[in-house]
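Student: Here is how the chains run, residue by residue.
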Amino acid sequence: MNIAIANPILIVGPARSGTSMVARLFNEAGVWKGTTNTGNDENPFGFYENNWIRDGFTKTFLGMSGYDPLGVEHLPPQDYYALDRQSEMMLNPIIPQLLVNDGYKSNMPWFYKDAKLALMWRHWHKAFPNAKWIVVKRDREENIKSCIRTEFMNELAKDRGEEFWTNWVDAFLVRIEDLKQEVDYREINTDDIVNGDLITLENAINFCGLKWNEIKAQSSIHPEVWGKDKKTMSRLKLNMGMNLPESQLLDNIKSNIRRQLPQAKTYEKNNQRIAIVGGGPSLLSTLDELKAQVKQGVKLVAVNNTHDWLIAHGLKPSVHIMVDARPHNARFVQNPIKTCKYMMASQCDPSVFDTLEGYNTHIFHVANELGEKDILDKYYFDKYFFVVGGSTVMLRGIWLMRMLGFTKMDLYGFDSCYMDGEHHAYEQVENDECEVRELVCMGETFQCAAWMASQFDDFQHFITNLGDKFELNVHGNGLIAHMMNEGAKLLNDKTVTGGT
Amino acid sequence: MSTHTEEKEKYEKAWNTDGYRAHSPGESSLKAFEEIAKPEEGSSIIDFGSGTARASLALAQLGFRVQMLDITEQSMDSEVEDYLVDNPVNLKFKEVNLWDTNSMFQYHAEYGYCCDVMEHIPTEYVMLVLNNILACTPRAFFYICLVPDAFGQIIGKPLHLTVKPFLWWREKLNEVANVVDARDLLHNGMYYVESREVQS
Numbered sequence: 001m002n003i004a005i006a007n008p009i010l011i012v013g014p015a016r017s018g019t020s021m022v023a024r025l026f027n028e029a030g031v032w033k034g035t036t037n038t039g040n041d042e043n044p045f046g047f048y049e050n051n052w053i054r055d056g057f058t059k060t061f062l063g064m065s066g067y068d069p070l071g072v073e074h075l076p077p078q079d080y081y082a083l084d085r086q087s088e089m090m091l092n093p094i095i096p097q098l099l100v101n102d103g104y105k106s107n108m109p110w111f112y113k114d115a116k117l118a119l120m121w122r123h124w125h126k127a128f129p130n131a132k133w134i135v136v137k138r139d140r141e142e143n144i145k146s147c148i149r150t151e152f153m154n155e156l157a158k159d160r161g162e163e164f165w166t167n168w169v170d171a172f173l174v175r176i177e178d179l180k181q182e183v184d185y186r187e188i189n190t191d192d193i194v195n196g197d198l199i200t201l202e203n204a205i206n207f208c209g210l211k212w213n214e215i216k217a218q219s220s221i222h223p224e225v226w227g228k229d230k231k232t233m234s235r236l237k238l239n240m241g242m243n244l245p246e247s248q249l250l251d252n253i254k255s256n257i258r259r260q261l262p263q264a265k266t267y268e269k270n271n272q273r274i275a276i277v278g279g280g281p282s283l284l285s286t287l288d289e290l291k292a293q294v295k296q297g298v299k300l301v302a303v304n305n306t307h308d309w310l311i312a313h314g315l316k317p318s319v320h321i322m323v324d325a326r327p328h329n330a331r332f333v334q335n336p337i338k339t340c341k342y343m344m345a346s347q348c349d350p351s352v353f354d355t356l357e358g359y360n361t362h363i364f365h366v367a368n369e370l371g372e373k374d375i376l377d378k379y380y381f382d383k384y385f386f387v388v389g390g391s392t393v394m395l396r397g398i399w400l401m402r403m404l405g406f407t408k409m410d411l412y413g414f415d416s417c418y419m420d421g422e423h424h425a426y427e428q429v430e431n432d433e434c435e436v437r438e439l440v441c442m443g444e445t446f447q448c449a450a451w452m453a454s455q456f457d458d459f460q461h462f463i464t465n466l467g468d469k470f471e472l473n474v475h476g477n478g479l480i481a482h483m484m485n486e487g488a489k490l491l492n493d494k495t496v497t498g499g500t
Numbered sequence: 001m002s003t004h005t006e007e008k009e010k011y012e013k014a015w016n017t018d019g020y021r022a023h024s025p026g027e028s029s030l031k032a033f034e035e036i037a038k039p040e041e042g043s044s045i046i047d048f049g050s051g052t053a054r055a056s057l058a059l060a061q062l063g064f065r066v067q068m069l070d071i072t073e074q075s076m077d078s079e080v081e082d083y084l085v086d087n088p089v090n091l092k093f094k095e096v097n098l099w100d101t102n103s104m105f106q107y108h109a110e111y112g113y114c115c116d117v118m119e120h121i122p123t124e125y126v127m128l129v130l131n132n133i134l135a136c137t138p139r140a141f142f143y144i145c146l147v148p149d150a151f152g153q154i155i156g157k158p159l160h161l162t163v164k165p166f167l168w169w170r171e172k173l174n175e176v177a178n179v180v181d182a183r184d185l186l187h188n189g190m191y192y193v194e195s196r197e198v199q200s
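Chains A and B are the protein sequences, given in the same order. The opening residue of the first sequence carries number 1 in the working numbering; numbering runs sequentially from there. The opening residue of the second sequence carries number 1 in the working numbering; numbering runs sequentially from there.
Simulated from the structure, these hints should not be mistaken for lab results. The structure displayed is predicted, hence computed values, not measured ones. Where a beta carbon is used, it is the ideal one built from N, C-alpha and C, also for glycine. Hints are supplied without guarantee of correctness; some may be wrong.
Some chain A residues judged to face chain B by a derived CB distance under 10 angstroms, without partners named [stated by the list, open to error]:
(1) ARG186
(2) GLN260
(3) ASP382
Work out the full structure: start from the sequences and follow the hints.
Tutor: What follows is the structure, given as structure tokens:
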């Protein structure tokens with residue numbers, strides 16, 4: 001066996017503890033994963049379990065030994081070690097052969113991620129004594145709750161309820177405690193990761209001899225999908241324009257990148273203040289503030305329909321950003337102006353780009369994990385960026401402008417709630433039929449559509465993780481402004497209390 | 001001293017300075033050239049501004065007939081010089097000034113390959129060089145750096161004399177040919193053009 005094949009990275013943790021996210025981060029750090037299943041609503045970025053090893057070895061081995069091949073119902077005992085000398089030797093020839101069948105090339109670092117490693121870890125340890133183990137840890141209660149509410153987990157053990165899943169998670173945890181006594185490992189806390197503390201991840205990456213890239217890691221972590229139920233994920237998809245068929249979205253990208261347009265690219269930080277103008281209802285009441293800022297030299301960034309709204313109110317946007325892939329959004333670019341820079345996501349409908357022919361148009365890319373990475377890798381020879389940020393054009397716009405070097409931002413019309421029964425500062429019929437819910441934030445009740453609540457949620461994660469990279473000032477009296485103002489008051493109170 | 005002589009001396013100094021030879025964009029862009037231009041096996045190619053000539057060598061080893069042109073012969077790697085001795089038919093070198101139409105006039109090939117060159121040309125000569133290249137070949141692949149060079153500081157003179165945005169180069173190329181493919185690769189622009197005669 002060559003050195004790399006004999007030194008795998010083995011990623012283990014109870015199902016729903018975040019092992020897929022950790023595996024994805026290792027994969028993005030350059031570790032080979034082989035063929036794995038794509039994602040679903042509850043594991044949107046994929047499962048990252050090597051299909052060849054899982055089906056060709058793990059399940060077969062458990063099944064032939066009389067245990068549940070899926071590792072759910074009838075688990076091997078805690079001290080399980082069943083191999084005699086001859087079968088011990090099987091692990092080494094079998095796994096390398098499966099890897100080669102899956103396209104593994106010599107000397108690539110590789111990982112295998114599987115919760116079921118916890119059930120048969122002694123066999124793996126015997127076969128690969130120099131493996132680096134990554135133990136994934138999540139808050140136990142949250143781990144159990146996630147198992148209960150996850151559809152595909154419940155399909156594995158129908159109607160078994162909380163007690164079953166509590167015992168099941170504990171069974172894995174106790175075995176993982178055993179393995180930690182024997183193997184060379186590092187522990188990654190996934191709760192910390194999604195809250196922006198990457199230290200356990202960094203330690204684990206370094207431990208495996210990989211190159212740590214904090215910016216890349218941050219952009220690959222999606223707090224907005226962590227701990228969400230299926231309904232929330234659907235809202236996220238709707239807002240990203242993913243309600244289009246996948247093939248159409250990818251066709252849009254394939255077509256638009258061939259338009260010979262410049263890509264949005266990163267620049268050094270600058271001191272120019274900008275105002276990003278969303279279409280929330282508070283935009284009307286804050287128009288005078290906005291005009292005053294423009295007189296002081298603030299540059300305007302429009303999103304979607306605020307481009308035309310600003311022009312109608314005597315203001316010229318310097319930048320216009322669109323992300324949504326639905327064809328009807330082409331109406332937002334029917335009146336382009338020569339002085340504006342149009343930053344359009346590659347997933348936008350081609351008619352958007354047709355309309356902007358001859359105008360100062362740039363293209364940028366957002367990740368939906370639908371195969372766009374392969375298309376962009378091939379076309380741009382890996383020379384492109386994904387713009388991270390969240391589920392709506394405002395959130396993406398903030399990050400895009402940060403990428404372009406702007407750190408001082410005023411946000412207008414960024415409410416995430418109804419105000420006086422209006423969802424926008426102007427007519428937008430698509431949102432007229434949205435179901436409205438109440439959302440209580442820091443003592444005040446707001447009326448929100450699902451997409452507003454999702455945007456609010458994403459913005460909270462966004463601020464928690466990336467807030468130190470911006471100077472943000474939210475105008476108006478919507479939900480987001482309320483949260484920012486009350487949050488700032490709380491911080492001030494804490495500072496005062498801490499000083500006494 | 002003429003601009004040509006000045007530039008030639010500058011590059012002779014650069015090529016004899018440690019580190020300049022280590023990076024060869026022309027070599028790393030070969031994959032893109034083959035993928036986009038899809039040159040037929042055995043075709044003739046001119047490597048305009050061949051530099052280390054490692055890209056030319058790789059093309060010759062793939063079975064193409066390659067004519068290298070560069071402002072100075074000192075740019076060539078010794079490995080390529082050795083290859084030239086044994087393979088004088090499918091790989092040739094000539095020292096030329098790319099904006100001298102008279103000296104360029106005699107070279108013709110089915111494809112042109114021009115990587116990490118155009119940004120080194122003084123801006124006032126850019127259109128002349130593009131016209132000369134398109135007079136030599138009906139199809140040309142360009143890989144152009146869009147940002148200032150770092151190496152010029154070491155030799156005391158900037159090497160990238162024409163640092164322009166992606167679209168500026170596309171427009172210049174469009175003046176002399178049809179731009180079939182143009183990709184903004186962040187710090188570099190990649191362009192594939194065909195002369196209007198080919199397209200018609």
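Student: Give me the numbers of the hints this structure contradicts, sorted from smallest to largest.
Tutor: Hint 1 contradicted; others consistent.
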